[in-house]
Amino acid sequence: MLIGAGAGLSAADGFEYGGAWFQEHFGDFAAAYGLTDAYTAGFYPFPDETEKWAYWSRYINHNRYLKEPGSVYQDLLTLVRDKDYFVLTTNVDHCFQRAHFDKQRLFYTQGDYGLWQCATPCHQATYDNHDQVVAMVAQQHDRHIPAELVPRCPRCGGRMTTNLRADDTFVQDPGWYTAAKRYQNFVSEAAQSRILLLELGVGMNTPAIIKYPFWRMTYHNPRAHYATVSLDAVAPKQISERSTVVQADIASVLRLLAGA
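Residue 1 is where the sequence shown starts when you use the UniProt record's numbering, and the numbers rise one by one after that.
Please keep in mind that the hints were generated in silico from the structure rather than gathered at the bench. Hints are supplied without guarantee of correctness; some may be wrong.
[Claimed, not checked] Below are the BS3-like pairs computed for lysine-lysine, each with C-alpha atoms no more than 27 Å apart in a straight line:
no.	residue 1	residue 2
1	K67	K103
2	K52	K67
3	K83	K52
4	K52	K103
5	K103	K237
Given the structure is predicted, the values throughout are model-derived calculations rather than measurements.
Work out the full structure: start from the sequences and follow the hints.
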């Protein structure tokens, strides 16, 4: 089984980014800049680094360190625990690892909120940010962190940034390449095998990473079956006879399957 997981999976698990949640945790930033949700706020050009990191540390702390994966991830783990599976995900919230999926069966292509990298980058390495994030959250005041807490690259002394794929400055460290190789090996071995490609919460934001490859793999492998679950799930007509399209809430579907 090959699982492709997008942002809709974490959203179904209760991870929030806007509305009342954003007002509760980022009301000061909303009032100052008219921001309405965490996603668009992540692209906002804050006036200085101390304010930028006040926002980012608070967000990372909430959605990477404080909020634990819930029943959606546990139900999915129940379904695959004893199967030969691999997970390809564009999510950067570390939920699969924190829900105790086998790390050797994970490839998170787009980075991790819990890692920093040189913004240039001057070298291809990432750094755990837990302790620095916690310190930033504890010491921020009036939307700013102390200047001495602004992260600096340990090699060049330049700016650091979150290890999230946005452009060609994204750092793919040795661990990234190791996971990519394991994923490619899994796909190669399953190329003509009986396999279920299960797509969960994948939209059209980055379809070239999960959705289109899953469609191609299904098309070229007559023993493959494609299943997609999301409120706007679709499948192309070329593979419709070997597709299951479930336009429903992911949490409800996984809960039903896990209890079967």
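Hint check:
This hinted pair checks out: K67 and K103 have alpha carbons roughly 20 Å apart, not beyond 27 Å. Straight-line distance between C-alpha atoms of K52 and K67 comes to about 22 Å, which keeps the hinted pair within the 27 Å bound. Only pairs whose Cα atoms come within 27 Å are accepted, and K83 paired with K52 is rejected, the gap being roughly 43 Å. Restraint check for K52 and K103: not satisfied, since their Cα atoms lie roughly 31 Å apart, outside the 27 Å limit.
A threshold of 27 Å between alpha carbons decides the hint, and for K103 with K237 the separation of about 35 Å lies outside it, so the pair is violated.
The structure does not agree with the numbered hints 3, 4, 5 stated previously, though it agrees with the rest.
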